[in-house]
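Student: Spelled out from the first residue to the last, the chains are:
There are 2 protein chains.
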Amino acid sequence: MNALRTDLYEIRMAVSFLRRGMTGRATFSLFARNLPPGRGFLVAAGLDDALAALHGFRFEPEELAYLRESTGLPAADVEALSLLRFTGDVRAVPEGRVVFAGEPLLEVTAPLPEAQLVETVLLNTTTFATAIATKAARCRLAAPDAELIDFSARRTHGATAALASARLTALAGFSSTSNVEGAFRHGLRAAGTMAHSYVQAFPSEADAFRAFAEDFPASPVFLVDTVDPVSGIAHAIDVARELGLPPANVGVRLDSGDLLELSRTARRMLDDAGLSRARVMASGGLDEYELARLTAAGAPIDAYGVGTAVGVSADAPALDTAYKLVEYDGRPVLKLSTGKRTLPGAKQVYRVPDCGPDVLALAAEPVLRGEALLVPVMLSGLRTDRWDLAAARDRLARDLAWLPPSARRLRGPRPVGVRRSAALSCLADEVAARTALSRQPALVR
Amino acid sequence: MNALRTDLYEIRMAVSFLRRGMTGRATFSLFARNLPPGRGFLVAAGLDDALAALHGFRFEPEELAYLRESTGLPAADVEALSLLRFTGDVRAVPEGRVVFAGEPLLEVTAPLPEAQLVETVLLNTTTFATAIATKAARCRLAAPDAELIDFSARRTHGATAALASARLTALAGFSSTSNVEGAFRHGLRAAGTMAHSYVQAFPSEADAFRAFAEDFPASPVFLVDTVDPVSGIAHAIDVARELGLPPANVGVRLDSGDLLELSRTARRMLDDAGLSRARVMASGGLDEYELARLTAAGAPIDAYGVGTAVGVSADAPALDTAYKLVEYDGRPVLKLSTGKRTLPGAKQVYRVPDCGPDVLALAAEPVLRGEALLVPVMLSGLRTDRWDLAAARDRLARDLAWLPPSARRLRGPRPVGVRRSAALSCLADEVAARTALSRQPALVR
Chain A
399 MNALRTDLYE IRMAVSFLRR GMTGRATFSL FARNLPPGRG FLVAAGLDDA LAALHGFRFE
459 PEELAYLRES TGLPAADVEA LSLLRFTGDV RAVPEGRVVF AGEPLLEVTA PLPEAQLVET
519 VLLNTTTFAT AIATKAARCR LAAPDAELID FSARRTHGAT AALASARLTA LAGFSSTSNV
579 EGAFRHGLRA AGTMAHSYVQ AFPSEADAFR AFAEDFPASP VFLVDTVDPV SGIAHAIDVA
639 RELGLPPANV GVRLDSGDLL ELSRTARRML DDAGLSRARV MASGGLDEYE LARLTAAGAP
699 IDAYGVGTAV GVSADAPALD TAYKLVEYDG RPVLKLSTGK RTLPGAKQVY RVPDCGPDVL
759 ALAAEPVLRG EALLVPVMLS GLRTDRWDLA AARDRLARDL AWLPPSARRL RGPRPVGVRR
819 SAALSCLADE VAARTALSRQ PALVR
Chain B
399 MNALRTDLYE IRMAVSFLRR GMTGRATFSL FARNLPPGRG FLVAAGLDDA LAALHGFRFE
459 PEELAYLRES TGLPAADVEA LSLLRFTGDV RAVPEGRVVF AGEPLLEVTA PLPEAQLVET
519 VLLNTTTFAT AIATKAARCR LAAPDAELID FSARRTHGAT AALASARLTA LAGFSSTSNV
579 EGAFRHGLRA AGTMAHSYVQ AFPSEADAFR AFAEDFPASP VFLVDTVDPV SGIAHAIDVA
639 RELGLPPANV GVRLDSGDLL ELSRTARRML DDAGLSRARV MASGGLDEYE LARLTAAGAP
699 IDAYGVGTAV GVSADAPALD TAYKLVEYDG RPVLKLSTGK RTLPGAKQVY RVPDCGPDVL
759 ALAAEPVLRG EALLVPVMLS GLRTDRWDLA AARDRLARDL AWLPPSARRL RGPRPVGVRR
819 SAALSCLADE VAARTALSRQ PALVR
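Same order as they appear, the protein sequences are chains A and B.
In case it helps, this note's numbering puts the first sequence at residues 399 to 843.
In case it helps, this note's numbering puts the second sequence at residues 399 to 843.
Same shape as in the complex, but just chain A:
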């Protein structure tokens, strides 16, 4: 499975390497070249899916038949591909850790054809997940004391993206998800209220609220804006009193209009009715900026449903990630492409506790001061990690607490710096000089 989930050029390159016996060990480094505008940090994520893809890597018979028939690969090449499994090692930053531009999210060391073929799937799983987890963490920072609920399932990029979003928002500290399959698959709490259609299907809003409270007395959250939010809140109060609902069970959801003003109105009306323990919930196009605005204004909102903005990471739906060869057969390499120059050699990132810059170093250097971020997660194709949502959530909470306010703020953040070790700088200069030499024959033409 998974092996055909790749770009054709990976297969062509792998075939060429195999034909030529270029199966020496290669190290590729996967990192974000830069942070999207407005981001002060990234939250490493997607490793579990990435490792699952490596572990299951193989071409299935129908895929091999396709390669032979449709892309015109000779039978001998297809045979060679059929034997490939991922037998390499992976070092990675555990999910939930905060990282910055240029810091490897993971490094793969494997025979060159294997390491090359998995480029596409590794980029895909980590880029997407890191973008979503980062957005979710920003939402969490924006409303630190409110409950956050993942409402993204309806507008993610497909159902598997919705499943991922449920998991990634949980990693960032969301309490629950509207996505039932996501809750089922990832052991999360499912949450849900009612839609406008529920209210519309009854003769009146009060009838709808009464029916809902009768059917779900444990947690009736009334969507109050189908007709008019103020009358909706009043109807919710009427029904709560009429049925004698325990106030702590009751909630109202605001989904349109001025959420600050309406939440104050809702809070006041509920309090005046003796329902001070009833909860006010808000939803509708929310993102971290709106959460921060409402939080700063002291909006009395207990829970937010955050959907599309987090599920697609609306203002940064992708990251400028790269998967670059840094060493082949013991030889450190780089590329010099304009604006996309890379650094040679397998790396390690050291973080110092006092918020100084991270240090990007060669993996082979003597251990520097600070905590090493990349840890072994796969050896000879076998996973040595174990996915643990609670542990990832704790890592993220710790790293967010560690982040200086200048990097944590939502607008105009300044990421923590990353400086290169002397040994890395030295090697980079040396390899760059050697690589640049190779263009001379052409330049003198």
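The hints are simulated quantities; they were obtained by calculation from the structure and are not laboratory data.
None of these values were measured; they are calculated from a predicted model.
Do not rely on the hints blindly, as some may be mistaken.
The list cannot tell twin chains apart, which means a pair is met if one copy fits it or any two copies do.
Below, in silico cross-link-like pairs of lysine to aspartate or glutamate (DMTMM-like), each with a Cα-Cα straight-line distance of 25 angstroms or less [unchecked claim]:
#1 Lys738 to Glu467
#2 Lys738 to Glu659
#3 Lys738 to Asp718
#4 Lys738 to Glu640
Fit chain B to the supplied structure of chain A, relying on the hints for placement.
Tutor: For chain B alone, kept in the frame of chain A given last:
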């Protein structure tokens, strides 16, 4: 399958409806409330996946067990859910047609619980696909004479999104995709060149080019910017001459730097070397704006690889879509929520050939002038359409040709207007007045 791919509130509402025998026929309308900034039109897409989800709709035994155990639904409710299939009708705008804000992409008419439960999956499939297809169509408009290749697989939101992107870019007229699984599953042409790592793994760039040309003599496209693009082009020319490659087979790919300037250099160097039939290809963070800039400047680029920007619809990764109850049990309904007011009744959209505004009318109205956009695609749960990529591509090409330049332009477009029929306006006023009345009891408190 698929039934658990929903928001918990859909299940709660369906359970409540089933308990109360509220199984009358309901019509829901799915539409974009507005166009994202900078969009002059949308390309309807995702219908094939949406209908597949409806056709396969059912709760599996393990899902039912989950609902009983984890969400606390009584056994009788779970039993009722287990019997549900989608038995309704769907009318939809065929994939590839151009639509505007407020125009239904599809309308579902089914027993209320069924129609409610499928909300999440219908929104998800159509929103995502329509966003991507629209972005792809904009790329197609931006470079009308160049070949476009889908390079998005590495940064879409998961592997299924990559599959979808391959199909949706093909719908918009892209020639091929780098995504091998996408090509396999959707019968598309796979395309691919080489990565920088290929060049880096050889002792020199010329060695790498020679090896690649030997292994893939039918279509050697050389990535020339690993060291220096000008020397890279020179190496490509050297190898093409040395191996006597047919010039029409040869290509160079530029992936960084000033693509306008470099493409001119590449064209001149190739022409001077007698390789005037060799092709120049460009890639690297391209979107419709960059394609338009290069096209307007007359960049001699034959083919573009367009990746992340189209695969995540980077500047509009989601659409403000809604799935709203418009009629229940013969009674037209709406909601009055601030900024999100809806229109009652099942609808039809009529398009007049002279580029006048579309007309949004009631489905029950006598047929108006123009072409009806919504057609039956599912009757009693059975599909009556057949997915046909070539037909969808033709529809889009025709609709793009029909679009007035003011709606088609990339920057500051003005969408074609949508006006309401007199009968729809009249019904909307009437239902709004009746609905507003229902808040009176609360307002006089």
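Student: Now tell me, hint by hint, if it's right for this structure.
Tutor: Verification of the hints:
no.	hint	result
1	Lys738 to Glu467	neither (36 angstroms within a copy, 52 angstroms between copies)
2	Lys738 to Glu659	between (48 angstroms within a copy, 18 angstroms between copies)
3	Lys738 to Asp718	within (10 angstroms within a copy, 35 angstroms between copies)
4	Lys738 to Glu640	neither (67 angstroms within a copy, 30 angstroms between copies)
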